[in-house]
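S.K.: What follows is each chain in one-letter form.
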Amino acid sequence: MTSGDTHRAVDAVWKMESARIIAGLVRMVGDVGLAEELAQDALLAALEQWPESGTPDNPGAWLMAVAKRRAIDHLRRHRRLDVRHEQLAHELATRPDTAEADLDTALDDDVGDDVLRLMFVSCHPALSHDAQVALTLRLLGGLRTEEIARAFLVSEPTVAQRVVRAKRTLADLKVPFEVPAGPDRADRLSSVLEVIYLVFNEGYTATAGDDWIRHDLCHEALRLGRLLARLAPDEAEVHGLVALMELQASRSAARTEPGGQPIALHEQNRGRWDLLLVRRGFTALLRARQAGGPLGPYVLQAAIAACHARARSAEETDWAQIAALYALLARVLPTPVVQLNRAVALAMAHGPEAGLELADTLLAEPALKGYHRLPSVRGDLLAKLGRHEEARREFERAAALTLNLPERTILLDRAATCAAAAIPEVGGTLAEAATAFLGRAELDPATVRSYGQTLGRLRRELGDDLPLRGVHAARVTEIFTSAWGEAAAATWNRHRGAVRSFSAWAGAHGLLSGDLASGLARRAEPRGRTRPIEPPRLAALWQRPGLGLRERALWLMLHESAAPVGSVLALNVEDLDLAGRRGKTAAGSRWISWRSGTAELLPGLVAGRRRGPLFLSDRRPGPGRPPAPADLCPETGRRRLSYERAEYLFKQATGHTLSQLRSR
Amino acid sequence: MRFLMTTKANGAAPPDEAVYAEMGRFVEEMTQAGVLLATGGLDPVGVRVTATDGTITVTDGPFAEAKEAIVSFALIEARSQEEAVELSRRFWKIIGTGEGSIQQVFGP
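Note that the protein sequences, when read in sequence, are chains D and B.
Using the numbering used here, read the first sequence as starting at 364 and increasing by one per residue.
Using the numbering used here, read the second sequence as starting at 124 and increasing by one per residue.
You may find that some hints are simply not true.
[Said to hold, decoys possible] A few chain D residues facing chain B, derived, Cβ under 7 Å:
id, residue
1, Ala-375
2, Val-376
3, Arg-593
[Said to hold, decoys possible] DEER-style ranges, computed between Cβ atoms:
id, chain 1, residue 1, chain 2, residue 2, range
4, B, Ile-179, D, Arg-635, 22 to 30 Å
5, B, Thr-129, D, Ile-626, 29 to 37 Å
6, B, Ile-218, D, Thr-646, 26 to 34 Å
7, B, Gly-147, D, Leu-407, 35 to 43 Å
8, D, Gly-870, B, Leu-165, 41 to 49 Å
These are computed hints drawn from the structure, not numbers from a lab.
Cβ atoms here follow ideal geometry from the backbone N, Cα and C, with glycine treated the same way.
Next up, chain B with everything else stripped away, as it sits in the complex (with noise of 0.2 Å):
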């Protein structure tokens, strides 16, 4: 099963480079294991297209309050939710403070 985590931009102050450091072990261990199949961070302001019977719109962020947008996400593979779950606790164990979510991918 494969699982999306992402995590909002919580205002904290930027991590120090101890967390860095146990992050980057913790994203290679995960790699290697074939847990983490990609991740990377993302530009919170973005763009937003909407589409109404084929009318489509486009408008430049930001949108909502900067907590609320999404940072950063990880598409891992696990072999349940439970599973995904304890591998998000890991994580956030690392970095101490924050918000997100994990939800399940179908397909592909």
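Pulled out of the complex, with its shape left as it was, chain D reads as follows (with noise of 0.2 Å):
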């Protein structure tokens, strides 16, 4: 075992039993401060020791044995040893064999209510929310100073400053090292979950900093929840957090993209819910109620939450069951966000108008100003009621609020889509509804020169002031028939193209029931005509970036030559009359000529070779396969590339074929 595997071994050991041993520590001490300093000289002991002589068979009591040692030396120095102590120091020495295992035992009967009154005093009210949380992940989870400090992205000395000041505070304050009993329980006991839940929220829903340092805040809040629903198991809030905890926990790895983007909670795939995790909130759940009392602000959360993990479809869920939870929460728990969320479940069991009016009665909330949330829940609503202007602009202003990027986009995108969706309001005739279709900023002007041609044709059949309703597809056959029956049949596709997406679009917004190009049958095309691909399109081939040098003058020369692929292919090095911008054919009979721009890459695709093919595969063939002598390079040894190889990289880029390429 090298040195480092002990460092991880002990340190193992460490996070395990840290809280056990500190909180003994200041049982005995009375000192939260002195107490860890005592701790991490037995830590220390053990760094030294272990590597040498091996660890030991019990390194936890081992650990324990230790510190409780130093602190009886400390308490003698002091003079401060009273009756108790005295008898303990005296066991140890009169016990040395035996000493750990029944020291621990005697010592250890009511440990767990030492880490019990250890949580309380580290979550103590007097202390910062940062100071609880970093005290209680230093002495609670055994986590080192640079470990709080990564996961927190603060530097060291601000944590080991926090961690000082708090235990100073502890100190001066003599904060008393007890369970809280009467009245002040239930305050103390709403700070100790509001840490937990606190360090678990950092791990869970942190925009920044690294992710398997998150995972593993979340796993220490959790951690700390079910050590304190073991020490207080008749506090049904404590199983609350921990089942709410174990219920979000179990929707970690569905609820972000791999690129980091969140996946809505409707959106996610169930099948990946860690199950064991959600099992264990509904145990967790089950106790809750079996504890009894009023139901609290985190019993009350984590049943909502359990209504949406047994949900096997996000249709499944039990809305009208979530409403009632969240009023009942928003009773206990009166903040304008629960109110937000209220609205969202009201408009899911009983339609967007609740919603709304629920939504709306927020939006003098000062708290609710600049939160995202509260427009985009609005904006939704209003999409959902149709009214598109209006939703349109709260998705605007819900994305100008939010700070995080790929939601910003999300409800952008959703602004646009409530944009499109507005135009139609202005009514249903079909001039009015052409000239919206067509006045869609997406379109191109090629594309709306063409469909205007084809709706220019119904218009002055139909007439405009035609109800779009009116129009059937009997009708729009007719018409076609006698306008473009006799011509060819790429001609009467286009048009047929135009009606179809027309009616497309005039469906979504509600215009139409029905297909108007139902009674029109694709026609086929002759084949061996080639579209060429579009001019814009090429362009931005052309740009591409990271274009090979070798496909760029192939293509270029397709493009440019308008040659068939397969004697741009044979051409030869030999054959390249460079200066007359052409090329002889392999037959010898014809010249393949091309313009600037394949002119300016060729003499960097013949890198100086002096005859063999102009286009090389990229490996040299195998042995098995020798090609013919005219398709080798005899300077690279390369074969010719081949016309599959080459259609197949085409396709792969571009998804149109090499024959395309060609200009008319």
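Two chains, two frames, a set of hints: combine them into the complex.
M.R.: This is the structure:
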């Protein structure tokens, strides 16, 4: 075992045992700061001794015994031994062989209570949230200062200072080492729960920081919650918090895209929810109910999470139940955010009007000013009610408020969808619908011109004032037959495409039911006439970064020369007339000519070769399949690029075939 | 991190009641702490399924020597491999004699 291995082993034992050790020491010496120092001494001793002596059989007990010995030494030095400690020191001195295990038992009768006391102390309300979190992770989670700093994206000295100050505050206030009783208890407990949930949420929702560490924070919070549930089993809210965290953690694998973009609950792949954690969540919720008492905020939030976990698909979600739970939650936790969530649940359960009514009451809420979810929820509800223009404004407002980039993109997309949907509110005649359809921003001018011809013909034949619902597919078929029945198949298909697009658009906006092109069959276009790639696509292709020289030269040559693919691939270096921008075909009877684009690239492609195929494959041929001598480059040993391979590469890159590169 | 701990049949006599009771306490404590996610005993005989280029062969066991068969498993959640090792130490301390392995589980 190397010393690095031992260090990690010591660290692992430390994380498992530190809470028990420190808690026991605080009871002995009465001061959190001193207890931690003594515990650190024990840890140092382990780091020094274990690499040589090997890890002891019961490492936890070893650490505990050393720590206690240090504590007793300290108390002796400071002459503060009371009877109890005297007794302990005596036991330790007289029973050296069995001391470790027995003393453990002697001291550990109520070690669980000590850990619980330690939790209450480190989450003391006199400390700031930052200090509570840092102290709790350090004392109860055994995390090193450096680990806490990394998890919260702050510097190590900052964390160290928070811990030191927190310890001093606790000493100054003489905070007793006890589990509070009476009316104080509920308040102090809610402070502990808050700290644990804060740690969990830092791990669960933070938008920055290392994923792995954040996962660890969630796990640490869960561990603390489960520990607390074991120590305080009669508190319903503790089980509620554990249930809430288990259920939320069960979704962690499903809640983000591989790139980190969040996935909304209703769109998550429920197959990726962790059923082991779901089951633990349900068990914890059951314990909460068994513990009884009034329903607190954590139990209610867990019950809501459980409703989601129970639904095998988003559609099966029991929204009525969730809305009812939110109504109860709003009573014990009357915050605007809870009301907003309740509005969402109400909308899902009883329709968008119900949700919007509640959401509208929150507009004056100062706490929600600047909170992007209010406009985003309102936008969603307005869109569902068909109030697209208002919805668009809300989505745009939400997008401006959120700091999360992926979320902003989603919101702007929704705003654009609303903007598109808002146009047809102008009316329902054929002319109005056609104008709105052609007026969409996403259409390019060529499409507008082409669709415009088709729709123009329909308007002339049917009349501008005809309501769109009065247009029937049979009538459209008649018009088509008389206008383009004799035209080329491609022309017929182009007009047919325009009508299909128009009627899909009108259908999506509720202006039309049924397909106006249903009587129009697609006509077979004669083969052999390939449609060239449109100029804008070609321009984009030449601009594409990372394109290989061979590909760029071959594609440009095919485009500029309009020569058959086979003869271009058959070109040999010795047949090129670079200055004349042309090359002799293999048959030797014809010339292939190109223009400046290709001419610029060819010297680089030839790269000093004097003969052999111009376009070469990437690899040398295998020994089993020697190519014909004419297809082998004598200088590089590579074979001529085959038609199949060239075609495959182009198809992969563009989705088109090489022959479509030919200009008309 | 999740780890799968497995134990092999060791041919030793079945544990006595005291060991059972102690193991019961250990399992309960680990479950409550959220460390132990799932556990169970396995039939050492089993059925073997082999697939070769889509051809599937099913054979009834036993296959290896009895002491090589895996007879129990525990799925645990730990913060590090060292913690998993330490937990397994505690487990084997109760059992006394035997053999097993610890493997990290990737996913879900």
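S.K.: Each hint needs a verdict: does it hold in this structure or not?
M.R.: Hint check results:
no.	hint	verdict
1	Ala-375	holds (3 Å)
2	Val-376	holds (6 Å)
3	Arg-593	holds (5 Å)
4	Ile-179/B x Arg-635/D: 22 to 30 Å	holds (28 Å)
5	Thr-129/B x Ile-626/D: 29 to 37 Å	holds (35 Å)
6	Ile-218/B x Thr-646/D: 26 to 34 Å	holds (27 Å)
7	Gly-147/B x Leu-407/D: 35 to 43 Å	holds (37 Å)
8	Gly-870/D x Leu-165/B: 41 to 49 Å	violated (58 Å)
This entry does not satisfy hint 8, going by the numbered hints stated previously; all others are met.
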